[in-house]
Amino acid sequence: MYGFAEYWTIINDCKFIVPIRVVARMINTRHAARVKALGLAVDVIHRPDLWDDLCETFCAAFGANAFMVFEFDFNRFTAPIFRGSRAIEDGMHLVQAHMEGRIPEVERQGYSRFAAFPAGILFGEYQAYDVEHDRFMPENPFRDAVLAVSGARSRSVMRLNDVGPWSDVAAMHMPIPFADIDPQLRQDASLILPVLGKAIEARRVLDGLIGLGKALAVAFDKFDFGAAICRPSGQIVVSNAEFKSMAAERDGLAVVGDFVRATLPADREHLATAIRSTHSIDASARSTICRLRRHSERLPLIARAIPLRSEEIGITDEPLTLLLVIDPDASDRVNVEGVGALGILSQAELDICQLIVTGKATQEIAEHRGTSVQTVTDQVKSALAKLACASRIDIVRLAMATRPAGKI
Numbered sequence: 001m002y003g004f005a006e007y008w009t010i011i012n013d014c015k016f017i018v019p020i021r022v023v024a025r026m027i028n029t030r031h032a033a034r035v036k037a038l039g040l041a042v043d044v045i046h047r048p049d050l051w052d053d054l055c056e057t058f059c060a061a062f063g064a065n066a067f068m069v070f071e072f073d074f075n076r077f078t079a080p081i082f083r084g085s086r087a088i089e090d091g092m093h094l095v096q097a098h099m100e101g102r103i104p105e106v107e108r109q110g111y112s113r114f115a116a117f118p119a120g121i122l123f124g125e126y127q128a129y130d131v132e133h134d135r136f137m138p139e140n141p142f143r144d145a146v147l148a149v150s151g152a153r154s155r156s157v158m159r160l161n162d163v164g165p166w167s168d169v170a171a172m173h174m175p176i177p178f179a180d181i182d183p184q185l186r187q188d189a190s191l192i193l194p195v196l197g198k199a200i201e202a203r204r205v206l207d208g209l210i211g212l213g214k215a216l217a218v219a220f221d222k223f224d225f226g227a228a229i230c231r232p233s234g235q236i237v238v239s240n241a242e243f244k245s246m247a248a249e250r251d252g253l254a255v256v257g258d259f260v261r262a263t264l265p266a267d268r269e270h271l272a273t274a275i276r277s278t279h280s281i282d283a284s285a286r287s288t289i290c291r292l293r294r295h296s297e298r299l300p301l302i303a304r305a306i307p308l309r310s311e312e313i314g315i316t317d318e319p320l321t322l323l324l325v326i327d328p329d330a331s332d333r334v335n336v337e338g339v340g341a342l343g344i345l346s347q348a349e350l351d352i353c354q355l356i357v358t359g360k361a362t363q364e365i366a367e368h369r370g371t372s373v374q375t376v377t378d379q380v381k382s383a384l385a386k387l388a389c390a391s392r393i394d395i396v397r398l399a400m401a402t403r404p405a406g407k408i
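Per UniProt numbering, the sequence shown starts with residue 1, numbered consecutively.
Treat the hints loosely; a few may be bogus.
Computed beta-carbon distance windows for the label pairs [unchecked claim]:
1. 368 / 80: 48 to 58 angstroms
2. 249 / 341: 28 to 38 angstroms
3. 364 / 108: 35 to 45 angstroms
No wet-lab data here; the hints were simulated from the structure. Note that CB positions come from ideal geometry on N, CA and C, so glycine has one too.
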């Protein structure tokens with residue numbers, strides 16, 4: 001087992017900075033099981049085989065009859081991934097019903113309310129029903145059957161993270177009503193369990209990077225524009241250095257909780273639609289490209305979403321999207337050299353197309369070139385006709401499609 005200094009290094013290397021040494025000092029050293037639980041919460045990043053030991057250790061650390069962790073979909077009420085302690089082995093038929101969403105309406109109501117609770121805080125089930133004590137809970141035969149398996153009297157839950165419509169959830173069955181539990185236990189759980197949530201997220205990132213392969217990862221970082229592989233929800237599987245640099249500026253583009261976001265609210269749905277629509281047979285090509293305006297009022301970033309055949313790159317078997325983000329302020333990043341190579345535009349039309357891809361409006365182009373707005377309008381129409389483009393955004397798409405993808 002690693003020492004706390006090593007835990008810090010592992011989490012930091014995975015880009016999940018968790019002050020584990022500080023947490024360890026805050027936990028009473030007499031509670032050795034809780035210290036062990038903290039260590040195991042980090043060790044499962046690299047040792048998935050430790051899950052059984054982790055579940056049993058969490059039971060010992062908090063005096064729980066049973067402990068479990070599951071990925072829960074708050075839309076479908078399903079739990080496709082489930083891990084638990086030995087105490088629930090006799091109730092696997094109930095676990096299976098839980099995983100498949102075959103739960104009663106009263107159970108669904110509790111989870112629906114729980115979905116709005118903040119991550120990182122341990123809640124008693126009674127709080128999801130807005131009653132003062134466990135003894136005032138509504139009748140729920142499913143809950144009674146679950147508690148009977150572990151011999152417990154109450155259930156408690158914590159969202160370990162907040163990742164869109166689903167979340168990793170930790171649950172404990174306690175031998176006494178949760179309303180009567182020592183506040184110190186709740187505090188310690190709120191310190192240790194979020195570390196487990198970070199470990200789960202770190203494991204997902206590591207799995208993605210391992211599946212991506214070293215060769216592709218190296219090539220990915222050579223792109224001279226931002227590139228990220230995303231799930232349809234916008235959750236990033238892996239991104240290159242340029243993308244991370246753009247997101248760090250939070251000027252047009254940002255990453256929030258592993259999800260890509262436009263920094264201006266008005267552009268967020270456009271970006272989300274571009275990512276989602278890549279795998280829709282009804283989507284138009286125009287829907288997969290958008291502009292991300294900036295707080296700094298610099299030229300907008302240009303984002304283009306491209307569907308990936310995930311089975312070919314070995315990350316996962318789910319649909320994936322390659323999101324390319326180009327900064328028009330960097331003139332060498334997006335240009336119409338490839339369009340010019342087609343040999344069908346006049347030099348004036350080509351110059352105007354270059355100004356279009358850098359975000360200039362008709363009036364700005366006219367002022368820049370010292371011509372009338374009508375002249376620019378006519379030249380744009382001519383360029384669109386020659387290139388078989390329906391709009392200016394199609395010229396941007398064509399420029400992106402006809403340029404080299406990486407540095408030479």
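The hints, checked one at a time:
no., hint, verdict
1, 368 / 80: 48 to 58 angstroms, "holds, 55 angstroms"
2, 249 / 341: 28 to 38 angstroms, "holds, 32 angstroms"
3, 364 / 108: 35 to 45 angstroms, "violated, 55 angstroms"
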